[in-house]
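K.L.:
Sequence:
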Amino acid sequence: RAKEHRDRALRLADFCVCLGGDGTILWVSGMFKGPCPPVVSFAMGSLGFLTPFDYTEYKPVLDAVMQGRLKMGVRDRLECKVHNDLGQLECTHIVLNEVTVDRGSSPFLTNVCVSCNGRFVTRAQGDGLIIATPTGSTAYSLAAGGSMVHPDVPGILLTPICTQSLSFRPIIFPDSVTLKLEIPVEFPNTASVSFDGKDPITLKKGWSVTVSNSKWPIPILSRAGDDHDWFHGVMECLHWNTRKAQGGFDRAQSGKEEGKRLPARGLM
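Okay, so the sequence shown: first residue is 1158 according to my numbering, each after it adds one.
Source of the hints: derived by calculation from the structure; they are not laboratory data. Because the structure is a prediction, the values reported are computed rather than measured. Heads up, the beta-carbon is just placed ideally off N, CA and C, and yes, glycines get one too. Treat the hints with caution; some may be incorrect.
Keeping only pairs whose Cα atoms sit at most 25 Å apart, straight-line, the calculated SDA-like set for lysine to any residue is [to be verified]:
hint, residue 1, residue 2
1, K1228, L1395
2, K1372, T1335
3, K1238, P1194
4, K1190, V1342
5, K1361, V1342
6, K1372, I1329
7, K1216, M1201
Now the in silico label distances, taken between C-beta atoms and shown as ranges [as the list claims (entries may be wrong)]:
hint, residue 1, residue 2, range
8, L1243, D1356, 18 to 24 Å
9, P1357, M1229, 28 to 34 Å
10, D1356, G1405, 50 to 56 Å
11, C1319, C1394, 21 to 27 Å
12, T1399, V1231, 26 to 32 Å
Construct all of the structure, not just a fragment, from the sequences and the given hints.
P.N.:
Written as structure tokens, this is what we have:
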């Protein structure tokens, strides 16, 4: 009965107020399997890619929400379907960041066959694969060597995790494709799949995960639009391209005295 009350409340929600970090946004996304109301988020966590407002300014921000003065960005999500070896649907999940297929607690490498729109692409052998959204490109995918992708770019990222091939580089597909990750039956090892880092499921031989772009994105209210908030996030949270500025050569102090050496200025 409690679940019925919660589901009814979710259907009637006009907008969602989120207090926490980016992980709280992922939890909110998981609550809304279908249409999601606009989300206004206040930072109270360690990261702030999706939480542009500080919790101390909640009153003026909520007033701006009610007056329609805030900008809104739409973040794509992925629909993930797990099928067993008989082709029967086991479960469906909606993710905002990524779906990860890895070896879990197994000491053996995973073997995963990758297909795109029904066409075999490759077989990956290693620790696993990540399929991420542009929003998730600055999360686990980035840590595994994937590219940072602006949230307005319509794409789906495929990022390998410690594969045995040095030539297996990350790929960005258009968001119109359907990707399928399948555990081949000829290999004895299994794999594990998780959705935004939660709800792990063991993938047995012949099981597969089908991933496509969800028709229900999540609208997130922003301070000054996705451009400002995203670049602010990569610079402030990830310190992207942060380096010590190199100083110019000071000719006035170049040392007219013969044999005098000057210390390097501004070099890393």
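K.L.:
Does each hint hold? Answer for all of them.
P.N.:
Do the hints match the structure? See the list:
1. K1228 x L1395: At roughly 24 Å apart (the allowed maximum being 25 Å), L1395 and K1228 satisfy the hint.
2. K1372 x T1335: 13 Å, holds
3. K1238 x P1194: Holds, because 23 Å separates the two Cα atoms, which is no more than 25 Å.
4. K1190 x V1342: 31 Å, violated
5. K1361 x V1342: 9 Å, holds
6. K1372 x I1329: 19 Å, holds
7. K1216 x M1201: 15 Å, holds
8. L1243 x D1356: 18 to 24 Å: 22 Å, holds
9. P1357 x M1229: 28 to 34 Å: 33 Å, holds
10. D1356 x G1405: 50 to 56 Å: 55 Å Cβ-Cβ, so the 50 to 56 Å window holds.
11. C1319 x C1394: 21 to 27 Å: 24 Å, holds
12. T1399 x V1231: 26 to 32 Å: Holds, at about 29 Å.
The earlier numbered hint that this structure contradicts is number 4, and it is the only one.
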